[in-house]
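Undergrad: Make a model of the complete structure from these sequences and hints.
Going line by line, the protein sequences match chains P and A. Residues 1 to 492 in the working numbering are what the first sequence lists, from first letter to last. Residues 1 to 193 in the working numbering are what the second sequence lists, from first letter to last.
Take these hints with a grain of salt, some might be off.
[Claimed, not checked] Straight-line C-alpha distance at most 30 Å; calculated BS3-like pairs for lysine-lysine:
1. P:K148 with A:K190
2. P:K148 with P:K158
3. A:K190 with P:K158
[To be verified] Covered stretches of chain P (in silico footprint by chain A; criterion: 3 or more residues with CB under 8 Å from a CB of chain A, positions within the stretch not fixed):
4. 114-121
5. 124-136
6. 142-151
The set of hints was computed from the structure by calculation and includes no laboratory data. Idealized CB from N, CA, C, for every residue including glycine.
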Amino acid sequence: MPTADWSMIGPVLAVLAAALGMVALDLFPRRPWHRSAVEWTAYLGLIAAIALLHGAGEPRVGFGGALIADPLSRFMSLAILLATALAVPASLPAIAARGLLMAEYLALLLLSAAGMMLLVMSHDLITMFLSVEVLSLALYVLCGIARKDARSNESAMKYFVLGAFATGFLLYGMALVYGAAGTVFLSGMSDGIGGTEGSVLAVAGVSLIVAGFAFKLGAAPFHMWVPDVYEGAPTPVTAFMSVAVKAAGLGALARLLVGGMALQADAWGPLAVFLAALTMVVGNLGALTQASVKRMLAYSSIAHSGYALIGVASAASPEATYAVAGISAALFYAAAYLVMTLGAFVFLMFAGRPGQEAETYDHLAGLARRRPWAAALMTVLMVSLAGIPPTAGFIGKFVLFKAAVEAGQVGLAVIGVITSAVGVYYYLRVVVVMYMHEPEEVPGRKVEPEAPPFDPNLGWVVAIGAALTLLLGVYPTIFLNFSRAAASTLLP
Amino acid sequence: MIHRLKGIGQDVLSDPVFAACAAVAIGAALLMVTRRNPVYAALWLMQCFLAVAVVFLKLHAPFLAAIHVLVYTGAILVLFLFVIMLLSLQPHELGAEHSRAARALGALVCAGFLAVLGAAALHGTRGAAPLEPLRDVAVESGSKTLVITAEQWGGVEHVGAELFSRFVVPFEVVSILILVAILGAVVLAKRKL
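TA: This is the structure:
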């Protein structure tokens, strides 16, 4: 029996306990305090999990080599828990307005977060695969949780069918890598394969694994599902999954490729370069032509996966310092992307009328006059997504492009800069519409001269997103040190 | 156990029973994906599963072979057939064929991947550890150490001991996965809540 190092999985256990607690609370007869009890169980679990994440210390492998607790797992777990903690209050208005099942909704959200935390801690292929399934299965259900909404059903169905297909890629790839390495554990995997020459099996395996993760990250050419799924899912679910899955998937991909298959970098390096370049171009060009802001943000999330993959591509460099810089930049970018995109999706609910989210650009016309604060917060988020200083998006892109140039991936940096310039157009279009367009007169719909009522919970979430975006942009040093520590302990 | 499998893999390639079962499995899988009628496809899938179960036997995994027949052939496939028959799709409901270009592209990708796998089959075992006979292994479980003899290899006791010692985390994660699946099924499918 491997020694059980409970402190390693404390955060996961706290989140799981909260999820089970919420479902158990639902069994009791309804009382007036029922809803707040469920809500506070979620917060309590998340706060306990963040508290249990403490402690720097050396990387520890536990549970017979299945799990690892290191700076990378802590950095990503913190990002995932932050996204979950913001997604819970952002979900409450939608749950109330659309009559969703509150306890089940929040329990699935937390179970998905637990799967993500296990994913970034996974140190063997089996645990990694199962964690991907836990987080995906919970998200398939969350996408379709608005059962009476045809778009939500369509979203869940598409995500499920294509997700199952991607699971096949991932699992087959893992089977081939196991066949080539003779072990499922990441320690010793690279040596087990022993370089790429003569091991076609390992090359085929790692290609399939990268394809499987590319699907989860929404990277082109595996991005087809993203716009439809993100558009149809309830907006708080979209906000959560667009950021948390990417953080978790990127963490696991970095651990697997850089930590587990460092000797095979000449096999997965070119793949990462190809995916990053294609994803940046496809995401940005797709976002240009969208009429719906939600779809635009979906394409934008594809584009940002491409930027984060620049870091993974740079990490294929044989120089350890460049590899660390690449992964560190990708991790920092994932954190920056998390705060700005989560805020932007929640803004769509915040900017709408009760019961109707802002969807098209027209809905946002003249918003600055009706809701100056909301428009100001969204402006910060859009400026950051476009990569303009002094925001997180700028610092994130700067460190990424710098890492790419140092690692010799000048082409990727050039594509990144050009596509970012394209991105400025559609991100700032939101700002222009909010500040300079007049709301259109639509027959049968009066234009309210005054601000309509809104949910303060949503306002707080957007404000926290915008504040963190500025914080990461103005004081990036602590976070960059954290991500560098996470990346440097990753290398074997 | 893991290191030895590589050696066993090498040995199995020269085994006529394995060769026959592999041929049946591949043939059945090809027939399965090319059938238009989903019931026939499901039946070919069953044939494929049975052939794979024999391959598990040849790989010294008798427990896995039995479970494979019971769970996949017995439970999951019957469920497939029930669902297909309940839906009773008509040919026109199955959707249009893909365009010629899409099919050509698909065939090209498949052929490329087959070539890679073929090359892997030819080269993959090069440099693999030489075949060793099955030996007794000791599985530590708590304070006790369980000795698995060559006859017990891959049996219930062996699988159980590994599952609850070295692979206890994946085992527990599966329980979370099943919990999510149950919760999700109730949330999505229950008519009235």
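Undergrad: If a hint holds in the structure, say so; if it does not, say that too.
TA: Hints versus structure:
no.	hint	verdict
1	P:K148 with A:K190	holds (13 Å)
2	P:K148 with P:K158	holds (16 Å)
3	A:K190 with P:K158	holds (21 Å)
4	114-121	holds (count 3)
5	124-136	holds (count 7)
6	142-151	holds (count 3)
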